[in-house]
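Protein chains in written order, with this note's numbering: chain X, 1 to 600; chain G, 1 to 600.
Hints were generated in silico from the structure; no laboratory data involved. Wrong hints could be hidden among the right ones.
If several chains are the same, the list does not tell them apart, and a pair holds so long as it fits within one copy or across any two.
[To be verified] Quick list of in silico lysine-lysine cross-link-like pairs, DSS-like style, CA-CA up to 25 Å:
1. K566 x K550
2. K542 x K560
3. K299 x K550
4. K430 x K409
5. K430 x K414
6. K590 x K566
7. K202 x K299
8. K6 x K91
2 protein chains.
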Amino acid sequence: MATALKVRFADGTTGEVSDPAQALEIYRHSTSHLMAAAVSSLFPQTRLGIGPAVSDGFYYDFDCETAFGEGDLSRIEDRMRELITRDLPFKPRILSKEEAVGLFSGLGEALKVELIEERAGQQLSCYQLGDLVDFCIGPHVCSTGMIHPDSFRVLSLAGSYWKGDERNRKLQRIYGTAFLAPAELQAYLTQLEEAKKRDHRKLGRELDLFSISEEAGPGLIFWHPRGTRVRFVIEDFLRRTLVSRGYEFVTTPHVARNALWRTSGHYEYYRENMYVFDVDDEEFVLKPMNCPGHIQIYKSRMRSYRDLPLRFAEFGTVYRYEKSGVLHGMLRVRGFTQDDAHIFCTREQVYGEIAALLDLVLYIMGSFGFEQYQVELSVRDETKNEKYAGTEEEWSMAEGALVQAMTAKGMQWKRMEGEAVFYGPKIDVKVIDAIGRPWQLSTVQFDFTLPRRFSLAYIGPDGQPHQPVMLHRALLGSLERFMGVLVEHYAGAFPIWLAPVQAVVIPISERHRTYAGAVLTRLGENGIRAELDDRNEKMGYKIREAQTAKIPFMLIAGDKEMESGKIAVRNRFEGDMGAQSIESFIEGIKGYAESRSARP
Amino acid sequence: MATALKVRFADGTTGEVSDPAQALEIYRHSTSHLMAAAVSSLFPQTRLGIGPAVSDGFYYDFDCETAFGEGDLSRIEDRMRELITRDLPFKPRILSKEEAVGLFSGLGEALKVELIEERAGQQLSCYQLGDLVDFCIGPHVCSTGMIHPDSFRVLSLAGSYWKGDERNRKLQRIYGTAFLAPAELQAYLTQLEEAKKRDHRKLGRELDLFSISEEAGPGLIFWHPRGTRVRFVIEDFLRRTLVSRGYEFVTTPHVARNALWRTSGHYEYYRENMYVFDVDDEEFVLKPMNCPGHIQIYKSRMRSYRDLPLRFAEFGTVYRYEKSGVLHGMLRVRGFTQDDAHIFCTREQVYGEIAALLDLVLYIMGSFGFEQYQVELSVRDETKNEKYAGTEEEWSMAEGALVQAMTAKGMQWKRMEGEAVFYGPKIDVKVIDAIGRPWQLSTVQFDFTLPRRFSLAYIGPDGQPHQPVMLHRALLGSLERFMGVLVEHYAGAFPIWLAPVQAVVIPISERHRTYAGAVLTRLGENGIRAELDDRNEKMGYKIREAQTAKIPFMLIAGDKEMESGKIAVRNRFEGDMGAQSIESFIEGIKGYAESRSARP
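For reference, chain X alone in the conformation it holds in the complex:
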C-alpha cells in the first residue's frame, strides 16, 4: 500500500499515517479489535485481556469459561468479515479515570478495570466498535470497512497468563495476522507454510539428527550420530579455518569457583541465569560464558607485546537458565556450545583485528550458503555516559575501528543508538535464510571491563605493563542454534559437504550385495560418508526413503553395473545421472564437497 493510512485519533480527529511500519501496526491493532468484537459477539460471556499488534501480526487474550477450539477460528474469521460488511465505525471517547472505572466495572471487565486503576493520568480514552468497548489509546482505522476482508487471518490458539505471570489468571490467546495488502498476507502465509515444512524439530526427528529427552530435562540437546557427523564437519571446517588465520584453540572446564564470577561481574549482573552448586561448603558455578576461562589462560604467564595478538578459540559449552516456556527445539536451549573466541591485542592492532574478523565472518557465512545478511552497529547512548564502562576515548577508538572496517569492506549497516552493551560497542550480523527470515548469528564485541576487572597486562616495548584490548567474537553463535538454522535454511537437504550421509549404495538383489559392499568400502576409504541399504525391500521403496532422508546420492548396483565395475547414480535433486565408474563418482563427490556447493 503506497498511499497513507487514514486513522482516527482518540480525540476524534482524523489524520494520515504514511510511515509503512507505523501504518501496519495501527492496521493490525484495529484488526485485533475487530477480532475481539467478533469473539464477543460469538461468545457473549467473554471478558477482555489485552490485544496488541506484535512483530508478525497481533493477538488478543480472552477470559472465557468456554474453551475455544480450532474449529472456532474460521467462525471468528467469518464473523469479522460480517462486521467489515457492516462498516462499523471505531468510535473514540475521552473520559476521566473515574468514568472509565465506572464504565468498565459496569461492563464486568475486571481486567480492564485493573489496568485503568494502574494508570497515572486522569485523562483516558476508549474506543467503541459495535457492542465492544475497549480501553485503548488508539489511533485506529476509521471504520471496519477500511479493513480488507482478504488482508487478515486468524491463525492459532494458545494458553497465556494475565500479565504474563504464571501465578495470575489463565487466559486464552488467539493469534492472528494482517497486512496492508492481501498479496502481502498471501506471501506471509506461503512463508509460514514453507517454514512449517522446514521446522527443524520435525526434520530433526525425521532425519535422526537430535532429540530432547523428557527424562533428562528441557532445553538439553542430545546429538544423534547423524547430527554429530554434521557437527564434526562444521567444527573441523572452523578449526582448519581458524588455525590458518592465527587462532589457537584452548579447552577450559565447565565449572569454577564463584570467586571467578565475582571478579568478572557475572555473579552480580547475571546471577539469575547461572546454575550454582556447593562444593566443600563453597559455591561453584556452571559456566554461562567462556571469557573468564580464556582470561585464566592469558594470565597463566607473563605476556609481552611480542605475544600479541593472542586469539584463543574454543567450542565452549555453556549453560544458561531460560524459562521452560521459551525453550524451542535447538533454537532456544539451556545448554549450548559457542564457537567462541577472545582476542587480546594492543590498541594499535585493533583495526587489523576487526578488519580480519569481518572478512572471516563473510567467508564463513558464504561457506555455509548464506549470501545475504544485515549488519547492526550497536553504539552507546551518548546522553547516558554514566551507564557505560570504558573511557570516552576508548569508545570512540572502538567505534571508529568498527566503522572504518565495515566501510573498507563495503558493508551496509544500521546504526543502533543506545543498543551497545555496557562494556563496549558491537557489530551483530544477521543472515537471511532461503525463505527470507533473518537469524542473528555472528557478533563482534569490544570489552572495556574484563581487562580491568582481571587486571590483564602485557609488557610493552617500553618495559612497562599495559592493558590489552579484549574482543569477544562468535561466528556461528552456537552450534545448536546454527544447526537448527541450517536445517531450516536447507529444509534438511544439507549440501554434500555437510550431509550426514552423502551416498547410499543399493544392491538390486541378493546377488549384488557383495559388489555393493565393495563399493561401500571404497567410498569409506575415500572419506565419503556412505551407507548400504541391503534390506529386503523394493527398489522404489528404498529410493523413496533415501529421497525423504535427503541423501544426496543413491548408488544402484545391479548386473550391468557389476560387470562394468560401475554404479548407476541418482541425485536427490536431478534424478538419474547415468552410470559412472567408482573413481569418477568419488572424484565428483569430492569436488562438490571441497567447493561446498549446495547442489546437486
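Chain X is fixed; fit chain G onto it per the hints.
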C-alpha cells in the same frame, strides 16, 4: 636377596621368611623401627604414632613439639647407621593389656595407649630396640646389624593427622624406603629421580601445556594452546580409528534431571561424588558418567536386531567430587573427558565385540608407544552371588567371552577374584611406562543392570522385544590423565605426530627473516605445526630453548640455505642432520608423523 630373611617373632622364637614380598615388608617395618629409635635418640621429647611398611617403603608418624627440617633427614640416617653398628637386638615381649597400658603410660606414649585400649585381645606384644619400646605385633629382623647400611634412605617430611582424620592431632610424618639389597635401592632412587624430572606438573608448566587456576578452583584443568594441540591430535586419531571400526559419535549434555540418575541408580549409589543443583525447584545433576546419556539416544527410537551392534562414542566431559587433598595435577582431577563408548549388541554378538575391543586396545596403546602392559580380569566372588546384578547365566556367558577373547589374542592376564563391580565382570589394562611404572588406562566392562533399569529393548527376528547386552569401554580412560601419563612417559619429548610444535624455524640474522617466514608458510600449508623464532637473541640461546621445549626439529636459515633454497636441520635427539631441501624435510616429517614413531 635370594636367601631367606631370618626373623624373630613376638614370642621370641626365630624363623625364616622366604616369600620375597613378605620378607621385604618385614625388612621395611624393621627399618621403620630403626628410624623411630634414631629419631627418639635425636629428639628425646618425641612421642610415637604408627610406623608401617607401605607399597614403596615405610613411614613413621611422630608427635614432637620441634618441627623437623629437611636438614634433619641426613642426621637421622646417620644415627640409624650408628645404631646398626651397635647391632642392637629387636627384643620382643608378650604382655597383658593391663601391663601394656601401664608400660606405655609410664613412657608417656599417649597415642600408643589409645591404640592398646582399642584392642580386643588380652595378649599383646611389644618390641624393644635400644631405648625405644614400640607396641607391635612383629615379626622383625633379629638385630639392627641385619639391616644393610646402604639399603635404606630417609626421604621426606609431610604433615599428617592421627588416624588420618583432620579433626585429630597433627603429627609429623617421615617417609623412608628400604630394599633387601643396596642395588635395588639404587635402582629405585634412580627411578625416583627420573620420575621427578618427568613430573607432568613441572613439564606441563615448562612446556606451556596446561594450568590449574586457584581462582577457578582445584582439580580443574585449563588446556593451553599447546596442550590443546596435542589433545586434538589424540582426539582426531581416535575419531578416525573409531569411525573406521564402526563406531558412531554422539554428543550429550553435561546436565540432566535427577530422575535420570535415579533410574540409572547413580543417585542412590554414587550421590556423594555428584554435583547437584536446583532448577525451577527441581534437582539437576552435573553428569559423573556418560552412560545414561547414550542410553537416551538408544531409546530415542525403536531399535531392531538389524541396527545392532550400535557403538556410541563420545569424548564426554564428566565431573566427580574428589577431596581436594587427593587431587594431583592432571592425574587426579575433578573434571575430565572420558574417551567413552557404549556398545549395545545381541548376546550372539558379544564375543565378536570383545575380540574387536581387545584388538583396538592393543592397537591404540601401541600407537602411543606403549608396548608393555598388564591385564586384569575382575570376576565376582561366587560365594557372594547376592551382591551382584545379572543372572548366573549372564555372568558365565560374559566371563566366557572375556576369557575366550584374551586367549585368542594370546594375552596373559591375572584373575582378580571378587574384584568385579556389582554390575558385571571387566577387563582392565595397565600400560607400563618408560621407567617401568604401571598406569591403569583401558577398561572393558559388562553391564547387566542399566539395560534392565532403563528397559532397553530391540525387536528380534522373531518380532519380539529382547534386552540388548551393554558394554562400557574406555581406551585412554580420560584425556587429562592420559596426557599426564604421556608427558611422564616421554619426559615431555612427544613423538613427532603428537608434538605441539614440530619444528621451529630460526633465521640466523635479520636478513634471513623473509626467507624463514616463507619456509614457515610452506610448513603450515603442509599441516606441519611450526613456529618462527626471529627474536633478537643469539643462535645458541635459541637452540638451547628449543631443545628445552623438546621441539623435534630446529630449522636454521642463513645465507647458504637461502641461496640453495634449503634449511639446516637439527634434531632434538640426533643433533645436526645437515642441510635439506624444504620438500625433502616435509616428506620426512610427514613420514615420521604417519608412522607415529617416537624418534627422532
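Each hint tested on the structure:
1. In this assembly of identical chains, K566 and K550 lie within 25 Å of each other by CA distance solely inside one copy; the values are 23 Å within and 51 Å between copies.
2. Taking CA atoms no more than 25 Å apart as the test, K542 paired with K560 passes inside one copy only; the shortest distance there is 19 Å, against 65 Å between copies.
3. In this assembly of identical chains, K299 and K550 lie within 25 Å of each other by CA distance solely across copies; the values are 24 Å between and 48 Å within a copy.
4. For the homomeric pair K430 and K409, the shortest alpha-carbon distance inside one copy (16 Å) is at most 25 Å, but the shortest distance between copies (57 Å) is not.
5. For the identical chains of this complex, K430 and K414 are intra-copy neighbours only, at 12 Å inside a copy versus 61 Å across copies, given an alpha-carbon limit of 25 Å.
6. Taking identical chains as interchangeable, the C-alpha atoms of K590 and K566 lie at most 25 Å apart only when both belong to the same chain, with a minimum of 17 Å there against 34 Å between chains.
7. In the homo-oligomer, the alpha carbons of K202 and K299 lie at most 25 Å apart only across protomers (18 Å), although the nearest pairing inside one protomer, at 45 Å, exceeds that limit.
8. With identical chains, the CA atoms of K6 and K91 are at most 25 Å apart within one copy only, with a shortest distance of 14 Å there and 115 Å across copies.
Hint check: no violations occur; every hint is consistent with the structure.
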